[in-house]
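*Asks:* Going line by line, the protein sequences match chains E and U.
My numbering numbers the first residue of the first sequence as 1 and each following residue consecutively.
My numbering numbers the first residue of the second sequence as 1 and each following residue consecutively.
Among the hints, a few may not be true.
Unchecked claim - Covered stretches of chain E (chain U as the covering partner; in silico rule of three or more C-beta atoms under 8 Å from a C-beta of chain U):
#1 10-24
#2 28-35
#3 39-46
What the hints assert, rightly or not - Ranges of calculated distance between the beta carbons of each label pair, as one might list FRET restraints:
#4 I4(U) with V34(E): 53 to 63 Å
#5 L27(E) with V35(U): 36 to 46 Å
#6 A8(U) with V34(E): 50 to 60 Å
#7 M1(U) with R31(E): 50 to 60 Å
Honestly, the hints are just simulated from the structure, not real lab data.
No residue lacks a Cβ here, since even glycine has one placed at the ideal position from N, Cα and C.
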Amino acid sequence: MKSFRDRSFNFRYLIVMAVFIIVGALLNNLRQPVERHVAWIGGQEILAKPAPEAAQ
Amino acid sequence: MSRILSAAFLALAITAFALGICEISFSDTFSWTTVLAKQFPKLYRYGVWIGIGECLLSTFFATLSWIFDRRFARKGLETAFRLGLGGMFITASLFKIHDPHGFAVLVAQYQFPLLPHDFVNLFALFMPMAECLFGIGLIITPYTRENATLLFVMFLAFIVALASALYRDLGITCGCFALEGAQDKSEAWTSLVRDVVLLGPCFWLTRIKNRSLLRLWRS
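Hey, can you work out the whole structure from these sequences and the hints?
*Replies:* The following block contains the structure:
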């Protein structure tokens with residue numbers, strides 16, 4: 001039982017990290033200038049694939 | 001005496017592994033192939049294989065170090081992997097945190113079926129922050145297993161995404177360490193190889209005892 005406890009996963013740590021990640025990501029997007037800011041929901045356009053000879 | 005030999009082989013192992021990863025990842029800025037380009041003009045074709053060879057050589061040196069002083073080798077390897085992997089993730093995250101829009105454009109190019117288009121921006125915001133915080137966590141917190149497990153999952157996700165892009169011949173670059181060239185011809189193969197190589201140390205870190213680096217060396 002002790003060895004199981006030793007190998008257990010600390011979910012409390014992961015929850016704290018998740019909170020830091022969410023807050024950090026939101027604050028990071030809010031502080032960005034307009035050209036680097038992204039909409040909360042949405043994606044980006046797919047760029048045209050380069051021609052094979054240009055890709056060489 | 002055995003500790004000195006162990007330390008020497010450990011230093012060789014860490015150096016060979018670092019050189020191998022650099023050879024695979026940054027072949028344009030650092031590699032033996034560029035150093036030896038004059039003598040062996042066609043050597044650049046084998047850069048990835050040279051990198052893999054250096055990583056295999058490092059496992060040989062690490063085994064020797066392990067044989068001479070198992071306890072010291074384990075401590076040294078844990079320290080090197082935690083600092084190396086943590087530092088790598090922190091470095092890789094900084095430019096993405098600095099430019100969420102550029103990273104979102106790069107993520108969109110993957111056209112990954114499991115990531116809906118409307119979640120690309122959110123992914124581009126959260127992923128770099130997770131990389132940075134788990135990289136810091138791996139270095140400074142005692143929760144090695146938790147951090148390493150999350151980084152291991154990230155490596156698996158990168159591998160699946162890169163393999164998917166390669167399979168569909170999207171011709172995109174990895175975007176792991178630079179935003180430029182979202183549509184450049186692929187370095188995805190080398191990134192895939194690097195991620196597969198780094199899965200090994202990351203998996204090892206998921207199996208070890210939780211403790212801080214300071215406590216590791218005090219024990």
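*Asks:* If you check each hint against the structure, which ones fail?
*Replies:* none
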